[in-house]
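**Q** Here is what each chain is made of, one letter per residue.
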Amino acid sequence: MIKNVMFLLIGIVFGVTLYKAEIISWYRIQEMFRFHAFHMYGVLGSAVAVAMISVAILSRSARREGAAIARRPFQHGVWIGGLIFGMGWALTGACPGPLWVHVGAGTEVMLIAIASALVGVLAYSFIDPKLPH
Amino acid sequence: MNEIASPAWPWYVAGPIVGLMVPLALLIGNRRWGVSSSLRHLCAMASPIKPAFLRYNWRSEAWSLFFVAGAVMGGFIGAHVIPNAPVPDVAPRTVAAIQSLGFESPRGLVPAEAFSFSQLATVRGFMMIVVGGFLVGFGTRYANGCTSGHSITGLALRELPSLVATIAFFIGGLIMTHVVFEWIF
Numbered sequence: 001m002i003k004n005v006m007f008l009l010i011g012i013v014f015g016v017t018l019y020k021a022e023i024i025s026w027y028r029i030q031e032m033f034r035f036h037a038f039h040m041y042g043v044l045g046s047a048v049a050v051a052m053i054s055v056a057i058l059s060r061s062a063r064r065e066g067a068a069i070a071r072r073p074f075q076h077g078v079w080i081g082g083l084i085f086g087m088g089w090a091l092t093g094a095c096p097g098p099l100w101v102h103v104g105a106g107t108e109v110m111l112i113a114i115a116s117a118l119v120g121v122l123a124y125s126f127i128d129p130k131l132p133h
Numbered sequence: 001m002n003e004i005a006s007p008a009w010p011w012y013v014a015g016p017i018v019g020l021m022v023p024l025a026l027l028i029g030n031r032r033w034g035v036s037s038s039l040r041h042l043c044a045m046a047s048p049i050k051p052a053f054l055r056y057n058w059r060s061e062a063w064s065l066f067f068v069a070g071a072v073m074g075g076f077i078g079a080h081v082i083p084n085a086p087v088p089d090v091a092p093r094t095v096a097a098i099q100s101l102g103f104e105s106p107r108g109l110v111p112a113e114a115f116s117f118s119q120l121a122t123v124r125g126f127m128m129i130v131v132g133g134f135l136v137g138f139g140t141r142y143a144n145g146c147t148s149g150h151s152i153t154g155l156a157l158r159e160l161p162s163l164v165a166t167i168a169f170f171i172g173g174l175i176m177t178h179v180v181f182e183w184i185f
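From first to last, the protein sequence lines stand for chains A and B.
With the numbering used here applied, the first sequence covers 1 to 133.
With the numbering used here applied, the second sequence covers 1 to 185.
Excised from the complex, chain B in its bound form (with noise of 0.2 Å):
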């Protein structure tokens, strides 16, 4: 295993290449490319109890199944062939806000403070992985898409609903950020 870190990808590097995965869907199978719909997948194969919107043939969806595959694949092969530094290079104003809300200093992706089993049981814990959970798969299938299938896939198709649903995703994270974080933490 090699431990010896290298930097990250700049947005210039990184921006491209998810940009890609819209038409590289298209030409693999035709497909409009999303991520969060693989929850409804696995809702759809694994729930015991079905209403309607988790009844239709999942395996005609399958390779939504393959590319979050491939996506954990990626991200254990990042980590563990070419790591990114321990310290990540975080705004100095934001360190200074999440620190003012009780959080250390950045360490790895995830504060560890709050992303560990051990703190399931607390309530920024609880809120942060549980909560935040819900909310990811709740509002994706309410909104009909996430940040892949909305305001990469749908903008890159100008559609106005996908303006719509990434104004909606900003707002939600700002109002969460500004306002609940300030008054739950």
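In isolation and in its complexed conformation, chain A is listed as follows (with noise of 0.2 Å):
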């Protein structure tokens, strides 16, 4: 119970900054895809280099918890399914992290989208075997 209070913790923090930064704004979604400002390629570079090197540190001063990650394997709808959560990013603006956020800020409508995910990620757990993977 005291580890998901803490992932509730940094679950805030994650939100707050999401929010404080605009990760969440359909607006830099927008220049990021049309390659109008540097922020969010910031964000994600910067986000990439911290937990690459923390990692680093962290499987050093103790093995187990690189060890302890899956390793994910290739498989061919890590490409289609990207190219089709692509499309949904930039319609709704959003990735599945600021959906979430999107509602505590007060933009309701998201609950929709939230609600047309969860009814994607249905509609994927029926045709899942039948898909190429």
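Honestly, I wouldn't trust all of these hints.
DMTMM-like mimics (lysine to aspartate or glutamate), calculated; alpha carbons at most 25 Å apart, straight line [stated by the list, open to error]:
hint, chain 1, residue 1, chain 2, residue 2
1, A, Lys3, B, Glu61
2, B, Lys50, B, Glu61
3, B, Lys50, A, Asp128
Just so you know, the hints here were simulated from the structure itself, not pulled from any lab data.
Reconstruct the complex from the two isolated chains, following the hints.
**A** So, in structure tokens, the structure goes:
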């Protein structure tokens, strides 16, 4: 339970940050896909850099952490699903994290987008065995 | 409620904070950080009919639901305690581009002329909210991750599938923005 509370707390930090840096802004995502601003590239690039350095430190100091991360295998869904998600990302201007942050920040209609995303997951779960992997 | 706007955070503040989610998830619960799996767990929890993809013990993944509950609270705290300026500072070329598609001058986080309940029955509103949401849910499950799980965690772990996924995310977004938008709006 204490772990879940800690996940809730880092979720709060994540939510405040996505709101304050306008990462949940539909306009910032348009800037990104039109290559008109560096902002989103800076966010993603520095996030990856910090994550990469911290994981390297963690796996050096405590080997079990690094070893316990399940490696994801390559499958065709990675690029087919990736293209599908990318299209949805540009339409809503939000990936799954921002969809949730929007609800708290007052964009109530994003609850419909989340409901629709759940329908998308459900649809995927039914046709998953028939899709190329 | 504080109505005085505070400046938006620059990328070099926000990016590192977001990046720290990866080591924090490892330290707290030895979890691989990602957000889109929360959608799968909600389906596994609530769906009355469960295909094999949804038959697993979602309770052992409860951390993900606590994290997104926190994200909702964080959005609320941000918007009410340290709100951003009502008119965002968007690149003039982007403003011109979206105006030529029929959107108004930027205000708030999303164009209200598309993202509101009254617009759900219009082609534009339906596409952006309902179709967009569906593609996000379907695509992230098929790709097994989203911007957080692939483009941040996966790239930080130097995994090739995540690089392929990230490139595909961007190609999909570029096609939507530069081809489909021109066609449907």
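**Q** Evaluate each hint against the coordinates.
**A** Verification of the supplied hints:
1. Among the hinted pairs, A/Lys3 with B/Glu61 is consistent with the structure: their alpha-carbon atoms are about 12 Å apart, no more than 25 Å.
2. Restraint check for B/Lys50 and B/Glu61: satisfied, since their Cα atoms lie roughly 17 Å apart, inside the 25 Å limit.
3. The suggested pairing of B/Lys50 with A/Asp128 holds, with an alpha-carbon distance near 12 Å, which does not exceed 25 Å.
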